[in-house]
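Sequence order for the protein chains is W and C.
Under the working numbering, think of the first position of the first sequence as 37, with each following residue one higher.
Under the working numbering, think of the first position of the second sequence as 5, with each following residue one higher.
No lab work stands behind these hints, which were simulated from the structure alone.
As the structure is a computational prediction, the values presented were derived from the model and not from experiment.
Where a beta carbon is used, it is the ideal one built from N, C-alpha and C, also for glycine.
A portion of the hints provided could be inaccurate.
[Claimed, not checked] Label-pair distances were calculated between CB atoms; the ranges are:
no.: 1; chain 1: W; residue 1: ALA183; chain 2: C; residue 2: GLY317; range: 45 to 55 Å
no.: 2; chain 1: W; residue 1: LEU89; chain 2: C; residue 2: LEU346; range: 24 to 34 Å
no.: 3; chain 1: W; residue 1: ASP99; chain 2: C; residue 2: LEU357; range: 24 to 34 Å
[What the hints assert, rightly or not] What the simulated footprint calls covered on chain C by chain W, stretch by stretch (three residues with Cβ under 8 Å from a Cβ of chain W suffice, anywhere in the stretch; the number is not a length):
no.: 4; segment: 233-247
no.: 5; segment: 259-265
no.: 6; segment: 383-391
[Stated by the list, open to error] Looking from chain C toward chain W, a few residues come up when the C-beta cut is under 10 Å (computed):
no.: 7; residue: ARG289
no.: 8; residue: ASP361
no.: 9; residue: TYR365
no.: 10; residue: ARG401
The lines below spell out each chain.
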Amino acid sequence: MTEPTRTGVSEGAAAPPETVRDLRMSLRYRFWREIRGNRMALASTIYLVLIVLVAIFGPLAYDVDPRLQSLASRLQPPSWEHPFGTDQFGRDVLARMLHGARISLFVGFAGALGGVVFGTILGLATGFWGGTWFDHLAMRLVDVMYAFPGILLAILIAAILGPSLFNVIVALSIWGIPTLSRIVRGVVLSLREQEFVVASRAVGAGPARIMARHLVVNAVGPIIVYATLSVAGSILTAAGLGFLGLGVPPPNPEWGAMLSDARAVVFRAPYLSYFPGAAIFLTVLAVNFVGDALRDAFDPRSEVRRMS
Amino acid sequence: MNRSQLARTILLALTALAVAFAGTAAAQSTSVPQGGTLTIAWPEAVNNLDLAYIAGWVAFGAAHHLTDPLILLDAEGQPQPSLAQSWEVSDDNMVYTLHLRDDVTFHDGVRFDAEAVRANIQRTLDDPDTMQHERFTNTIGSVEVVDDFTVRITLKELDASFLHDVLAHWQVRPISPADIPNRSAATMTEGYAGTGPFKFESFVADDSFVVVKNENYWRGAPNIDRVVFRFLPELSVHTVELLAGSVDVSTSPILDDVPLLEARGLQIVTAPAVGVNMLTMNVSRGFTAELAVRQAIRHAVNRQEIVDSVLGGFPSLSRAGVPEGTALYSESVSTVEYDPELAGRILDEAGWLMGADGVRYRDGVALRPQFLNPPGAHAANAEIVQEQLRLVGIDTRFEVAEGGTYGPRWREGDYELSMTAQGGTNWGSFIGGSVHPDDFWTVNQIRFSEDPELLAVADELREIIGEARSTVDLEERRAAWARGQQLFQDYALTYWLWHAPTVTALQPWVKGYDFYTRTLFLHDAYIER
């Protein structure tokens, strides 16, 4: 029986013999090799590690209540007392940025994870039973979801469910399902005809076992790539929902909502828009660079390019 | 005629001619510049131009330019002639006879006369979708056309504020009888012919409303050719556009930007508004059904701090829903002081004890009332109130109702707390908010309470308001209203916060404008660059 490869996208009889060896390299090795050769990806990885550490430990190190208002000291520019200044309610902006990092990153990652989990399950099922009525029905539903632009779909869901942390995550999860289910379905459709799957089936493995032991494992490359990129999309969409007032309700600090609040005082306190704006921009950019690096690391064509 | 006589005659004639020319020149020098387009940044998308259906000041502020009132209320709230040049009220205050102007035509050329007034009042009587349908049907007995320009209205029951609240109300700003059959709640954004200084030109949903001058206006054609209302809900855009000079007026400048606008030479004009900002409390459900909670909430909110810090000091604090210096203001009514310690004691005595997490609990239930708010300035002020309540252990569940959903939800009582504002046409008959338990915009849902004591309060309010409305004597009416205001205070039926004037920013070249009852009037306005 042929040993299954770790990367679904690397399957293909036409692959040159030289590339097969490289494609068997561990995901971790391939990622780090890509990162080392890509300074933007390296810087982005360092930034993301730092921002996650800041989100976890920042509020502990800078122990200021992000909800505490002081109307007497509203709209103060950055100073030693308030390093990022104060907002229109006299709240410390640094404290809000640090607590906001927790919420924004949590919402972004949780939303992406939800989309990945449900998208993968749907993609596996429709790919495995491809061509059946179930596949047709599920894919037409996915087509309907595709008909809505992503942000509109998220707004629609958030507006129906109402603004709350959980509902934003639900909206982002649903938003992520169509793309990932399509990707996984495509991979599974090609994998299910592979000899190791046929062999598994021949020795009596059931659908659940085949999906769990063979198909998911081999589709993990594109899933990770898409999941990483969808984190960027989720953070951006969560910020967009927060900006529109459909995100986490006040007074919880969330970067998108902070940016939205800053609009009203953009002339008197422009710095209020700099910090959340820069945080959203840099985080989304960094996640995209890392996602690109992952894609290159797992893409056999980039291997071929590299070797040639 | 000899030579000297001829010379004197010629001299006199030349002198007269010179005086005439000088007079003409003087007249020309005192006349104001004509023409031009005035662009106004409007804070909300207007979704209704038809005054019979309009419920909001924002829509009225734009649409009123198409029409005229029968009776105009001046800045002091006193009735002045308009389309009705005089009126008589019978001794028993049951019959109102209006003598109309005979020189007015609608924009479509139809003559304005007594029949037009009757048709407009009949329209509200016939159409249950109109805002004042209930008031009209309850109050008006008959409308008779006495002659071409005299109309007589006979009431079913005494209504002391009929002249102010009905005849001077925007609901009775006549539109052309030719348009009436085509109008309904479904045609609210379509143009029509009124008698006003400006005529309808175009309306684009979520974009703009444009009017052009009525050359045949009975008070003389306006000076400005066109007025463009640009719907710009994003208020920071108003500042940008004002600074760039691309809009001439903003009726809702951001108060934090007012010093900057003033420094750049813009005119900042405040005008008293007939209205009150309030923290409404739904007394029929949830945590706010409990008197102690409502009382504690009122003592926990520091409204003076909000006025001073966030609202630029423009509003004045409200005693009990009626501003000082107006007809129904009574110093005998108690007011509410900021006292967070007292708020804490009231809650302690009611069994709401502070938990370790800073939230009060009773029998394991956290004190977390629902706090529903409209977007914009109300929501921003509500965030301050939310924090002030948190400091005494009331952890509100904050919600901003977007996309026009606030009004219906608030009316249906889908809230426990809510920041909002209401206004009327004049202080002669108005107590700030809709205090009648059965009113369309009632501020506390008291009629749905299950508490017998509150239901008795509702009955008492009905009685007091009925008495006030049927009392012509101002002192007696004030006394009746004072009892109503005191009931509101004693049972904490709402928290009257402040009376905010309208603040308008105008470019230095906009002149001749006027304000009545919080609304910008442009008939005499002109642009002098």
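If you test the structure against every hint from before, which numbers come out violated? Hints 2, 7, 8 and 9 not satisfied by this model.
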